[in-house]
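Take each chain as given, in its own frame, and dock them per the hints.
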Amino acid sequence: GAVVSQHPSWVICKSGTSVKIECRSLDFQATTMFWYRQFPKQSLMLMATSNEGSKATYEQGVEKDKFLINHASLTLSTLTVTSAHPEDSSFYICSASGTGGPDTQYFGPGTRLTVL
Amino acid sequence: DAKTTQPPSMDCAEGRAANLPCNHSTISGNEYVYWYRQIHSQGPQYIIHGLKNNETNEMASLIITEDRKSSTLILPHATLRDTAVYYCITSSNDYKLSFGAGTTVTVRA
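These protein sequence lines map, in sequence, to chains A and B. So the first sequence is numbered by the numbering used here: it starts at 1 and just counts up by one. So the second sequence is numbered by the numbering used here: it starts at 1 and just counts up by one.
Be a bit skeptical, because a hint or two may be false.
[To be verified] Each computed DSSO-like pair below joins lysine-lysine, with the alpha-carbon atoms no more than 27 angstroms apart:
| no. | chain 1 | residue 1 | chain 2 | residue 2 |
| --- | --- | --- | --- | --- |
| 1 | B | K96 | A | K64 |
| 2 | A | K66 | A | K14 |
| 3 | A | K20 | A | K66 |
| 4 | A | K41 | A | K66 |
| 5 | B | K52 | B | K96 |
| 6 | A | K64 | A | K41 |
| 7 | A | K20 | A | K55 |
| 8 | A | K55 | B | K96 |
| 9 | A | K20 | A | K64 |
| 10 | B | K96 | A | K41 |
| 11 | A | K66 | B | K96 |
| 12 | B | K96 | A | K20 |
| 13 | B | K3 | B | K52 |
| 14 | B | K3 | B | K69 |
| 15 | B | K69 | B | K52 |
| 16 | B | K3 | A | K41 |
| 17 | B | K3 | B | K96 |
[What the hints assert, rightly or not] Every beta carbon over 12 angstroms from chain A, so not counted as near; a handful from chain B, in silico:
| no. | residue |
| --- | --- |
| 18 | N53 |
| 19 | T65 |
| 20 | R68 |
| 21 | K69 |
[Claimed, not checked] With the C-beta cut set under 10 angstroms, the calculated list includes, among others, these residues of chain A facing chain B:
| no. | residue |
| --- | --- |
| 22 | A2 |
| 23 | Y106 |
| 24 | G110 |
Quick caveat, the hints were computed from the structure, so don't treat them as lab data. Ideal Cβ positions, reconstructed from N, Cα and C, are used throughout, including at glycine.
With the rest of the complex left out, here is chain B (with noise of 0.2 angstroms):
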């Protein structure tokens, strides 16, 4: 399985857009990015995946580079809300999730 690399925390500020990098540089070819996020207490909830291209939906864009080595999760409008553990995984070849340490993102107003 390949592994992703994030940064431990970040802050933002309310309003501003909020941009996550992840590493995953062995990703394999048939590997899919996903992103998660955990607010304190809950079952992670689905943000956004992708393979190759750019992907955006209501919550966010993910910016896959051509090598696809890594990645970022941009919060367009980030709100005090947005303020939870963000996880960048690869899936494996049986689809399964492996979960790292996430970067805890702190939204301030």
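Isolated chain A, as found in the complex (with noise of 0.2 angstroms):
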């Protein structure tokens, strides 16, 4: 159980457009989820929180207007990286939790994402 998928797996695009990441929880239900950025070499960097009806909620220096999360449902939460620009060339994870409480994070194998 607790199996978390993220769409597509990996993306490249042109700059200036955006691009769209899901993130699905298959077998529970994902009060909350987070959102990731990792560059290479580097560990990971929490981006924003979201509830599922709720807004979410951005770390500091994380752009809201660039990054949208929206978390429609409890088994779908969407990234969309507008604008995309070669610097957002990364590798984008999500993870999900199931009470939003001190509950374990589950985490999608990744996207990642290479602007051109």
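Following this line, the structure appears as structure tokens:
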């Protein structure tokens, strides 16, 4: 159990376009979902926290108008990178938690974004 | 949020137990200790977590000192597939996970 999927697993896009990444909890209801970004040879950095039906809470330095997060259901959250630029190229990873409390976060396999 | 300190790297022999230390001397009373690992180019994988008591599951054991200032993750019989970056994380009040640099564990045949 506790499987989280992401789609797509990798995407290449042109500079200036928008890219949507989906995160799904397959076998549990995710009250809270988290979005992380990881640059090469670095650790994961939390971008934002989203609770189902609420606006996402963004970490300091993360542009909320650039990284749009929607958590419309208990099994789906989406991250849209708007007007992508080469510096947005990164490994984007989501995680999902069932209760929103001190509960285990289960991570998706990640999405590799390359902006040309 | 409590911070954790881990050795940057360690090697271990295949088939032997791997003991991964973590220092979290500023942990507060209601913070859990979580361990995750990340194999190259994959999302992190949950291993185990605990609050005060030692914990064991099918993957590993977690030993937390009585004062909760440090813990040790034990992989009982390391295999080559256990080669990964291991993260020791203490949960924040809003249950966010703050990843540090972790320990790069290399299991050698």
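Hints versus structure:
1. Under the criterion of a C-alpha separation no larger than 27 angstroms, the hint pairing B/K96 with A/K64 is consistent with the structure, at around 18 angstroms.
2. Simply put, A/K66 and A/K14 have alpha-carbon atoms about 16 angstroms apart, close enough for the 27 angstroms limit, and the pair holds.
3. With a C-alpha separation of about 12 angstroms, the suggested pair A/K20 and A/K66 falls inside the 27 angstroms cut-off, and the hint holds.
4. Distance check on the hinted pair: A/K41 and A/K66 sit about 24 angstroms apart at the alpha-carbon level, within 27 angstroms; holds.
5. The straight-line distance between the Cα atoms of B/K52 and B/K96 is roughly 19 angstroms, inside the 27 angstroms bound, and the hint therefore holds.
6. The suggested pairing of A/K64 with A/K41 holds, with an alpha-carbon distance near 25 angstroms, which does not exceed 27 angstroms.
7. Restraint check for A/K20 and A/K55: satisfied, since their Cα atoms lie roughly 17 angstroms apart, inside the 27 angstroms limit.
8. With a CA separation close to 16 angstroms, the supplied pair A/K55 and B/K96 stays within the 27 angstroms bound.
9. A distance of roughly 14 angstroms separates the Cα atoms of A/K20 and A/K64; the hinted pair therefore holds under the 27 angstroms criterion.
10. Of the supplied pair hints, the one linking B/K96 and A/K41 holds, its CA atoms being roughly 22 angstroms apart against a limit of 27 angstroms.
11. Only pairs whose Cα atoms come within 27 angstroms are accepted, and A/K66 paired with B/K96 is accepted, the gap being roughly 22 angstroms.
12. This hinted pair checks out: B/K96 and A/K20 have alpha carbons roughly 23 angstroms apart, not beyond 27 angstroms.
13. As the CA atoms of B/K3 and B/K52 are separated by approximately 17 angstroms, the hinted pair is consistent with the 27 angstroms bound.
14. Annotation: proposed proximity of B/K3 to B/K69 holds, straight-line Cα distance about 11 angstroms (limit 27 angstroms).
15. Between B/K69 and B/K52 the CA atoms are separated by roughly 10 angstroms; this keeps the pair inside 27 angstroms, and the hint holds.
16. Restraint check: the Cα-Cα separation between B/K3 and A/K41 comes to about 20 angstroms, which is no more than 27 angstroms; the hinted pair holds.
17. For a cut-off of 27 angstroms, the pair hint linking B/K3 to B/K96 stands: about 13 angstroms separates their Cα positions.
18. Listed as a non-interface residue, B/N53 keeps its Cβ farther than 12 angstroms from every Cβ of chain A; the least gap is roughly 14 angstroms.
19. Every Cβ of chain A is farther than 12 angstroms from the Cβ of B/T65; the closest lies at roughly 20 angstroms, confirming the non-interface assignment.
20. Chain A leaves B/R68 outside its interface by the beta-carbon criterion, the shortest separation being 15 angstroms against a cut-off of 12 angstroms.
21. Even its closest Cβ contact with chain A, about 19 angstroms, leaves B/K69 beyond 12 angstroms, as expected for a residue assigned away from the interface.
22. Annotation: interface hint on A/A2 holds; nearest CB of chain B at approximately 8 angstroms, less than 10 angstroms.
23. Satisfaction of the interface hint for A/Y106 is found here, the shortest Cβ-Cβ separation to chain B being roughly 6 angstroms, below the 10 angstroms cut-off.
24. Satisfaction of the interface hint for A/G110 is found here, the shortest Cβ-Cβ separation to chain B being roughly 5 angstroms, below the 10 angstroms cut-off.
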